[in-house]
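Protein chains in written order, with the working numbering: chain Y, 1 to 219; chain L, 1 to 255; chain P, 1 to 213.
Read the hints as simulated data drawn from the structure, not as lab findings.
Watch out, some of these pointers could steer you wrong.
Said to hold, decoys possible - Below, a sample of chain P positions facing chain Y; criterion: calculated Cβ distance under 8 Å:
#, residue
1, Val53
2, Ala154
3, Pro177
4, Tyr188
In this text, a Cβ means the ideal position worked out from N, Cα and C, and glycines have one as well.
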Amino acid sequence: MNRDFLVVFAHYDQYLNGLWNTLWLSAATLVLASITGCILAALMLARPRAVRLPARWFVDAMRCVPFLLFAYLVYYGLPELSLQLDSWACGLLALVVYHTAYMAEIVRGAWTNLSREQIEAGRAFGFAGFPLFGRIILPQLFFASVPVIGNQSIYILKDTAFLMIITVPELTFAASAVQSTYFVPFASFVVAMLLYWLVTLGVEASVKRVEAAAEMRRG
Amino acid sequence: MARATSDVAVEVRGVGKRFGNLQVLADIDFSVATGTTVCILGPSGSGKSTLLRCINFLVRPDDGEVYLHGERVGMKNGTWMTERELCRYRVRMGMVFQHFNLWPHLTVLENVIEAPVHVLGRPRADTIEKARTLLDKVGLAEKQDVYPHTLSGGQKQRVAIARALATNPDVLLFDEPTSSLDPEIIGEVLSVMEGLSSEGMTMIVVTHEMSFAREAADSVIFMDAGRIVETAPPEAFFTRPATRRAQQFLQRYVR
Amino acid sequence: MADLPLLLQGALVTASVSLAAIVLGIPMGLALAIVRWQRIPVLSQVVAAYVSVIRATPAITLALLIFFGSPSIGIVLGATAAAALTLLINTSAFNCEIWRSALIDFPRDQLEAARAYGMSPLLRFRRIVFPQVWRTSLPALVNEMTLLIKASPALAVIGIVDLTRAASRIGAATYQPLPPFLAATVIYMLMVMLLVGAQRFVERLVRERFDLA
Numbered sequence: 001m002n003r004d005f006l007v008v009f010a011h012y013d014q015y016l017n018g019l020w021n022t023l024w025l026s027a028a029t030l031v032l033a034s035i036t037g038c039i040l041a042a043l044m045l046a047r048p049r050a051v052r053l054p055a056r057w058f059v060d061a062m063r064c065v066p067f068l069l070f071a072y073l074v075y076y077g078l079p080e081l082s083l084q085l086d087s088w089a090c091g092l093l094a095l096v097v098y099h100t101a102y103m104a105e106i107v108r109g110a111w112t113n114l115s116r117e118q119i120e121a122g123r124a125f126g127f128a129g130f131p132l133f134g135r136i137i138l139p140q141l142f143f144a145s146v147p148v149i150g151n152q153s154i155y156i157l158k159d160t161a162f163l164m165i166i167t168v169p170e171l172t173f174a175a176s177a178v179q180s181t182y183f184v185p186f187a188s189f190v191v192a193m194l195l196y197w198l199v200t201l202g203v204e205a206s207v208k209r210v211e212a213a214a215e216m217r218r219g
Numbered sequence: 001m002a003r004a005t006s007d008v009a010v011e012v013r014g015v016g017k018r019f020g021n022l023q024v025l026a027d028i029d030f031s032v033a034t035g036t037t038v039c040i041l042g043p044s045g046s047g048k049s050t051l052l053r054c055i056n057f058l059v060r061p062d063d064g065e066v067y068l069h070g071e072r073v074g075m076k077n078g079t080w081m082t083e084r085e086l087c088r089y090r091v092r093m094g095m096v097f098q099h100f101n102l103w104p105h106l107t108v109l110e111n112v113i114e115a116p117v118h119v120l121g122r123p124r125a126d127t128i129e130k131a132r133t134l135l136d137k138v139g140l141a142e143k144q145d146v147y148p149h150t151l152s153g154g155q156k157q158r159v160a161i162a163r164a165l166a167t168n169p170d171v172l173l174f175d176e177p178t179s180s181l182d183p184e185i186i187g188e189v190l191s192v193m194e195g196l197s198s199e200g201m202t203m204i205v206v207t208h209e210m211s212f213a214r215e216a217a218d219s220v221i222f223m224d225a226g227r228i229v230e231t232a233p234p235e236a237f238f239t240r241p242a243t244r245r246a247q248q249f250l251q252r253y254v255r
Numbered sequence: 001m002a003d004l005p006l007l008l009q010g011a012l013v014t015a016s017v018s019l020a021a022i023v024l025g026i027p028m029g030l031a032l033a034i035v036r037w038q039r040i041p042v043l044s045q046v047v048a049a050y051v052s053v054i055r056a057t058p059a060i061t062l063a064l065l066i067f068f069g070s071p072s073i074g075i076v077l078g079a080t081a082a083a084a085l086t087l088l089i090n091t092s093a094f095n096c097e098i099w100r101s102a103l104i105d106f107p108r109d110q111l112e113a114a115r116a117y118g119m120s121p122l123l124r125f126r127r128i129v130f131p132q133v134w135r136t137s138l139p140a141l142v143n144e145m146t147l148l149i150k151a152s153p154a155l156a157v158i159g160i161v162d163l164t165r166a167a168s169r170i171g172a173a174t175y176q177p178l179p180p181f182l183a184a185t186v187i188y189m190l191m192v193m194l195l196v197g198a199q200r201f202v203e204r205l206v207r208e209r210f211d212l213a
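Let the hints inform the model, and build the full structure from the sequences given.
In structure tokens:
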């Protein structure tokens, strides 16, 4: 068994490559889905029903569908629409579209839970428009959502692994490649798991830092 | 297990307790004669609640011994008792809490019969009969099938008293039973307690209700900073407190 | 659609493997949570580490480890057993946290009263803690069940032909991926709705019987 681990460590470059791709995909998804999620959340809170309802349906639909199924849909379905994208682009697209729905739900939740009183106080002191949004509303939204977004980023991280099925060379794909080449199944996947774990611990630690900062401000 | 009744229901000798560096109780010595009511008074933080919990070993004292009708509680043959062994003693002492501590998922009747049926193994039908009598005694017979959340504070506390009585305890321990109640409702609970006292129940009551202590207690123990400062009959304590701490305390409470 | 039976077969595989993991995963999660709640020495820390690692592991990676890795430690598992075990291990870690959070939040007052009346630890748990804690945990447990179903397509990598795999195969054979995928989506939605409906039913039953605020 120890020999197996040595073999795995000897191919650390493959793992690092896979890890890098995993992190890249996760970070890109997080950033892009946050932006589109905010937009979608705004649509969900819009007044006209013709805007609000389809947005709501989209979010509900995404939350009922398994990610892999959706990824397949994108991967096999886009060529039908004459869109030829490589597996990377398909994977990223699937991740972003899927998690936009979850991000939208998070932002919408944070928005509806905003403390009315603090906004009222802001307006009473003469804040309006952009300054109101930037200095009063946004910080609150941010601090309220960080733990949940931290949670969601772990889900994003784990969903990237599904992309190995459509041959995106992320971490699990790398582990699987090492495994099938050198026949070290236990060691190869255990190392991959530990890497996912380390990344998760990093995310959780960062969330705790932000929460501590929020506590200091709130008192 | 033969139930030994002696003249002394509860005896506390040299009990002390530390929480970290803080000495919460020290040199606690007193005894409670069977059939009497003892009230423990004192300012907040004097350790009254902790002392009460040392008697039924919800809190394990660091020093000293506790005896229930002559039997040592908490230690057997030089070793501390396990939770399960302590259960045998705890079920002989009923306890009434400041926040009632009723079990919300059970009806009033079910709350009262829970301990006798499941701890003592008494037959359910008999216990229900007895429980109804107890609920009638505390004035809540018609509430037997409702859930605790529908009751007022005073009603909840009276159910709690019925529950404590259901196991036929040797001693009743009260931890500030009226401190969470609205002033208008305190009376209904106190009258139940006074009734029990005059019927000869052995009671140890931690309370701020001076009127109750004056009327119903056979003996008053005054505590401060974890020690017993003064022990006296209520007459003597309230009219001629012997120690200065007791005098200061009474000045603040009794107008 | 001639392919419906194939799809339904896949759905059956998904449902049965998921059900096995759900049914076993709830008590297993409870057992793990109790170990941590009671602070049993050594075992507590082991459980904490286990839960932390498993919750961070993608279902695919775990499935690959269990199926391909188990012979290395002397256990031989068929694909279906490995699939059920993967989902079970995964869901038990999440269920542990759900149960644990409910146990930690359990009001100490009620436990104090139970102790004072001479109830043993086992009796306290059986009569006072569990009847209340399962009700507060129900929504989160059902949510985790839906997440389990959404993770189940990962099992395709170890050769299980679940609903998603079946849909993908049909699509590959007919060169029309859209219909089977959409049909599969509908079936997943039905499963989720079934679970949520069952939860609402149980909650209503409980509320009527116990009239809890």
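Tested hints:
1. Val53: holds (5 Å)
2. Ala154: Since the shortest Cβ distance to chain Y is 7 Å, the answer is holds.
3. Pro177: holds (4 Å)
4. Tyr188: holds (6 Å)
Checked against the numbered hints listed earlier, the structure breaks none of them; every hint is satisfied.
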